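Undergrad: According to the working numbering, the residues represented by the sequence shown are 1 to 118, in order.
Read the hints as simulated data drawn from the structure, not as lab findings. Computed from a predicted structure; not experimentally measured. Be aware that one or more of the hints could be misleading.
Unchecked claim - Here are the in silico distance ranges between beta carbons for each label pair:
id: 1; residue 1: Asn78; residue 2: Trp108; range: 19 to 27 Å
id: 2; residue 1: Gln13; residue 2: Ala107; range: 19 to 27 Å
id: 3; residue 1: Ser7; residue 2: Ser117; range: 18 to 26 Å
id: 4; residue 1: Gly26; residue 2: Ser75; range: 18 to 26 Å
id: 5; residue 1: Lys56; residue 2: Gln1; range: 23 to 31 Å
id: 6; residue 1: Leu113; residue 2: Asn54; range: 24 to 32 Å
id: 7; residue 1: Asn78; residue 2: Gly15; range: 19 to 27 Å
From the three backbone atoms N, C-alpha and C, an ideal C-beta is built for every residue, glycine too.
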Amino acid sequence: QVQFVESGGGLVQPGGSLRLSCTASGIDFSIRSMAWYRQAPGKERELVARISGNGKIVNYPDSLQGSLQGRFTISRDNARNTVYLQMNNLKPEDTAVYFCKDIGGTAWGQGTLVTVSS
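Please model the complete structure; the sequences and the hints are all you need to start from.
TA: The structure is reproduced here in structure tokens:
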């Protein structure tokens with residue numbers, strides 16, 4: 001059974017940082033490309049970042065390049081079956097539930113809520 005458990009969300013003030021973690025089970029993690037997605041209130045879920053199985057290739061959607069401006073960094077630890085999303089200089093528009101998933105898979109975790117507010 002494929003499972004993703006996201007953690008690390010919370011309430012943070014604008015300009016603050018958070019590091020999200022997602023631990024996977026039920027997949028051959030080290031060969032799977034992984035991605036972080038987010039869904040803001042009233043909006044569709046969107047891709048935020050993705051990383052190849054060996055961690056050497058990362059990319060961020062062109063549509064978010066302007067808003068992310070290098071503030072988010074995706075990484076992974078294959079020994080821990082975990083993918084991370086480091087988020088710096090957080091803005092209120094980053095408020096969303098953040099999910100991770102393997103590229104091409106169908107299972108979703110419960111997500112972790114990030115709220116950026118003063």
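Undergrad: Taking the hints in turn, state whether each one holds.
TA: Here is how each hint holds up against the structure:
At about 21 Å, the CB distance of Asn78 to Trp108 agrees with the hint of 19 to 27 Å. For Gln13 and Ala107, the hinted distance range of 19 to 27 Å is not satisfied, since their beta carbons lie about 33 Å from each other. Take Ser7 and Ser117: their Cβ atoms lie about 20 Å apart, and the range 18 to 26 Å holds. Take Gly26 and Ser75: their Cβ atoms lie about 21 Å apart, and the range 18 to 26 Å holds.
As the Cβ distance of Lys56 to Gln1 is approximately 29 Å, the hint placing it in 23 to 31 Å holds. A C-beta distance of roughly 30 Å is found between Leu113 and Asn54, which places it inside the suggested range of 24 to 32 Å. The hint said 19 to 27 Å for the Cβ distance between Asn78 and Gly15, and at roughly 32 Å that hint is violated.
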